[in-house]
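S.K.: Here is what each chain is made of, one letter per residue.
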Amino acid sequence: MTDKKYIVGIFNDEDVVMDAVQKIRSKGIKIHEVFCPYPVHGLDHALGYERPRMGVPAFLFGITGTCLAFLLTFWTLGIDWPMNIGGKNFFPFPTNIPIVFELTVLLAAFGMSFTFFFMEGLGPSVKPIIFDIRSTDDKFAMAIDLNKNTVSDSEIKAFLSEVGAKEVNVKEV
Amino acid sequence: MAHKHETPSLDESFDFSPELRKKLIISAIIGIAMVALGAFLIKNHWSIGVWDAGHGAEHAAEGHGGGEHHGATLFSRIVANLWMNSVYFLGISVVGVFFLSYNYVAKAGWYASFKRVPEAFPSFIIVPALVMLALFLYPDTRNIIFHWTHHGIMEVGSENYDKIIAGKSWYLNFPFFLVRMVAYFGVWYYLWTQIRKYSLLEDETNDLAYYYKSRNYAKMFLIFFAVTSSTAAWDFSMSIDTHWFSTMFGWYHLASWHVAGLAAMMLTILLLKDKGYLKAVTFSSIHDLGKLMFGFSVFWTYVWFSQFLLIFYANLPEETIYFRERFSGHGGRYFAPFIINLILNFVFPFLILMARESKRNMTFLKLACGSILVGHWFDFYQIQMPGIAKDQGGIGIIEWGTTLTFASLFIYFVANQLSKANLIPKNHPFIEESLHHDI
Numbered sequence: 001m002t003d004k005k006y007i008v009g010i011f012n013d014e015d016v017v018m019d020a021v022q023k024i025r026s027k028g029i030k031i032h033e034v035f036c037p038y039p040v041h042g043l044d045h046a047l048g049y050e051r052p053r054m055g056v057p058a059f060l061f062g063i064t065g066t067c068l069a070f071l072l073t074f075w076t077l078g079i080d081w082p083m084n085i086g087g088k089n090f091f092p093f094p095t096n097i098p099i100v101f102e103l104t105v106l107l108a109a110f111g112m113s114f115t116f117f118f119m120e121g122l123g124p125s126v127k128p129i130i131f132d133i134r135s136t137d138d139k140f141a142m143a144i145d146l147n148k149n150t151v152s153d154s155e156i157k158a159f160l161s162e163v164g165a166k167e168v169n170v171k172e173v
Numbered sequence: 001m002a003h004k005h006e007t008p009s010l011d012e013s014f015d016f017s018p019e020l021r022k023k024l025i026i027s028a029i030i031g032i033a034m035v036a037l038g039a040f041l042i043k044n045h046w047s048i049g050v051w052d053a054g055h056g057a058e059h060a061a062e063g064h065g066g067g068e069h070h071g072a073t074l075f076s077r078i079v080a081n082l083w084m085n086s087v088y089f090l091g092i093s094v095v096g097v098f099f100l101s102y103n104y105v106a107k108a109g110w111y112a113s114f115k116r117v118p119e120a121f122p123s124f125i126i127v128p129a130l131v132m133l134a135l136f137l138y139p140d141t142r143n144i145i146f147h148w149t150h151h152g153i154m155e156v157g158s159e160n161y162d163k164i165i166a167g168k169s170w171y172l173n174f175p176f177f178l179v180r181m182v183a184y185f186g187v188w189y190y191l192w193t194q195i196r197k198y199s200l201l202e203d204e205t206n207d208l209a210y211y212y213k214s215r216n217y218a219k220m221f222l223i224f225f226a227v228t229s230s231t232a233a234w235d236f237s238m239s240i241d242t243h244w245f246s247t248m249f250g251w252y253h254l255a256s257w258h259v260a261g262l263a264a265m266m267l268t269i270l271l272l273k274d275k276g277y278l279k280a281v282t283f284s285s286i287h288d289l290g291k292l293m294f295g296f297s298v299f300w301t302y303v304w305f306s307q308f309l310l311i312f313y314a315n316l317p318e319e320t321i322y323f324r325e326r327f328s329g330h331g332g333r334y335f336a337p338f339i340i341n342l343i344l345n346f347v348f349p350f351l352i353l354m355a356r357e358s359k360r361n362m363t364f365l366k367l368a369c370g371s372i373l374v375g376h377w378f379d380f381y382q383i384q385m386p387g388i389a390k391d392q393g394g395i396g397i398i399e400w401g402t403t404l405t406f407a408s409l410f411i412y413f414v415a416n417q418l419s420k421a422n423l424i425p426k427n428h429p430f431i432e433e434s435l436h437h438d439i
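Protein chains in written order, with the working numbering: chain Y, 1 to 173; chain F, 1 to 439.
With the rest of the complex left out, here is chain Y (with noise of 0.2 Å):
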């Protein structure tokens, strides 16, 4: 393991917390996460997240999932084994519709989910650094990472008090 240190404030309100980020942030101090029993609206846009572009994997792998749908019902039914469907054409091209939509879907879903453990860096055998287990409960748990700040600790954690952390610890992972 690498000696990461990070300081945990410990928040019991999603008001404060918030207030706590902007104030935070606006020292010039970076966060690394903050961790909420809930989702708080509008805490992505106060950490200054960007949005997720996840419209780019989920274009590319549908597209695939098209072009892979097309090709298997025309070779399939264009060429490899025509058949003779109520006199319509061999490969007619409403027909493919139903197979084209599903396996772009199909495709899209797959491949979002999987870019999304894989940029998460989520899987079976990972194991997740968890800063304070109380944040699955009813606490707020905002990590800052020591090694990416040039403020120094006991500022950090003097501050965090002042913006009204009712604990501060440290966690080395």
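Just so you know, not all the hints are guaranteed correct.
The calculated lysine-lysine pairs, modelled on DSBU-like cross-linking and capped at a C-alpha distance of 35 Å, are [said to hold, decoys possible]:
{"#": "1", "chain 1": "F", "residue 1": "197", "chain 2": "F", "residue 2": "420"}
{"#": "2", "chain 1": "F", "residue 1": "163", "chain 2": "Y", "residue 2": "88"}
{"#": "3", "chain 1": "Y", "residue 1": "171", "chain 2": "Y", "residue 2": "157"}
{"#": "4", "chain 1": "Y", "residue 1": "148", "chain 2": "Y", "residue 2": "171"}
{"#": "5", "chain 1": "F", "residue 1": "107", "chain 2": "Y", "residue 2": "139"}
{"#": "6", "chain 1": "Y", "residue 1": "148", "chain 2": "Y", "residue 2": "30"}
{"#": "7", "chain 1": "Y", "residue 1": "139", "chain 2": "Y", "residue 2": "166"}
{"#": "8", "chain 1": "F", "residue 1": "273", "chain 2": "F", "residue 2": "291"}
{"#": "9", "chain 1": "Y", "residue 1": "88", "chain 2": "F", "residue 2": "168"}
{"#": "10", "chain 1": "Y", "residue 1": "5", "chain 2": "Y", "residue 2": "27"}
{"#": "11", "chain 1": "F", "residue 1": "279", "chain 2": "F", "residue 2": "291"}
{"#": "12", "chain 1": "F", "residue 1": "279", "chain 2": "Y", "residue 2": "23"}
Note that these hints are calculated values from the structure, not bench results.
Go by the hints and put chain F onto chain Y.
M.R.: Then chain F, alone, in the frame of chain Y:
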């Protein structure tokens, strides 16, 4: 929770100025004049419209109960226009109650800030209802619209006897049809008046009881509309092509009405916002309505395509005739509306509303609304015209005139309702949630 932003004042009243009233009435009259002008031009073989019929206006009117072949005349085209626009605007109006009802039943809060807009729509139900009742009660126009009302068509031994249509006589007969029509219009309108009444009472007092009462009426409406949206589709649109039937038709028709209604709502909200009203409506609410518009235009396509694919695959002559008529029937005059229908209702809104930012952009939304509204006009055009106007159909001054009249009256009724109450339902229990809606 969205934090720290002031909400603008909730006291807003829409000013329906006398000038606007006058303008709308004048444009409605211009519409009627356009129909007269168009009819006059065609009668004199001076056709200037796009895809205009331009010939054959002298077909002798065969009257009711004529021979096997019922030739369409210029009068059929005007009747078809009235019927088609009535059904289209009736749909947009009734979707107002439909939208309110499902949001009430779902206990939704996001829409509360612009709730008065869909609430104003159903006041227009009266106009299409009266037009449609008049067209149905008058025998000449009834026989132009519906094939099944022709004299003797259900009597064994008559020269007009049609076994297939006679088999539908338990459903398609004059008294039952009339009862159904009156029931649709009456119940839809009545349930709207109740929801509206309690919504207005809620504004004056701060009583939660009105909310629950509205919810009860919303439940009733949804149950009633679940059945009548389908049966109305069969009655008003599917029974024009009496032999043909499709089990997807009710959904298809409702999807068309619904997405057109959503687009009309969106356009009204955006135009009101442009004029400085509805300041409290956030872009998050508009974004959500945009998502519904996007979703339901795709839903419409899904249903349209499902109906098409089943008929295409099964390839039964009595079913494919419906698409045959639109592809190449009557000199191919309905092929262009058929294709325009798909482009305006699926391709264009799908591409333009896909991105998140375009659902938060007034210009893109207005483009999409326009496309959907015009597109679904074409949808009803290609559903009803081939069966009523037959080889006399076209898109010319008559169509523009009828639509202008209906649209002006619709705007008049909606604006009139909007001016009667505060534009924001300030005592709605979920109004706070709506004002701080954040996505």
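S.K.: Are the hints correct? Go through all of them and say.
M.R.: Cross-check of the supplied hints:
The straight-line distance between the Cα atoms of residue 197(F) and residue 420(F) is roughly 12 Å, inside the 35 Å bound, and the hint therefore holds. For the given pair, residue 163(F) sits about 31 Å from residue 88(Y) by alpha-carbon distance, which is consistent with the 35 Å threshold. Straight-line distance between C-alpha atoms of residue 171(Y) and residue 157(Y) comes to about 13 Å, which keeps the hinted pair within the 35 Å bound. Pair hint residue 148(Y) plus residue 171(Y) holds up; C-alpha atoms about 15 Å apart against a cutoff of 35 Å.
Under the criterion of a C-alpha separation no larger than 35 Å, the hint pairing residue 107(F) with residue 139(Y) is consistent with the structure, at around 29 Å. Of the pairs offered as hints, the one joining residue 148(Y) and residue 30(Y) holds, with about 7 Å between alpha carbons and a cut-off of 35 Å not exceeded. With a CA separation close to 10 Å, the supplied pair residue 139(Y) and residue 166(Y) stays within the 35 Å bound. At roughly 19 Å between alpha-carbon atoms, residue 273(F) and residue 291(F) fall within 35 Å of each other, so this suggested pair holds.
Between residue 88(Y) and residue 168(F) the CA atoms are separated by roughly 32 Å; this keeps the pair inside 35 Å, and the hint holds. At roughly 20 Å between alpha-carbon atoms, residue 5(Y) and residue 27(Y) fall within 35 Å of each other, so this suggested pair holds. Under the criterion of a C-alpha separation no larger than 35 Å, the hint pairing residue 279(F) with residue 291(F) is consistent with the structure, at around 21 Å. Restraint check: the Cα-Cα separation between residue 279(F) and residue 23(Y) comes to about 30 Å, which is no more than 35 Å; the hinted pair holds.
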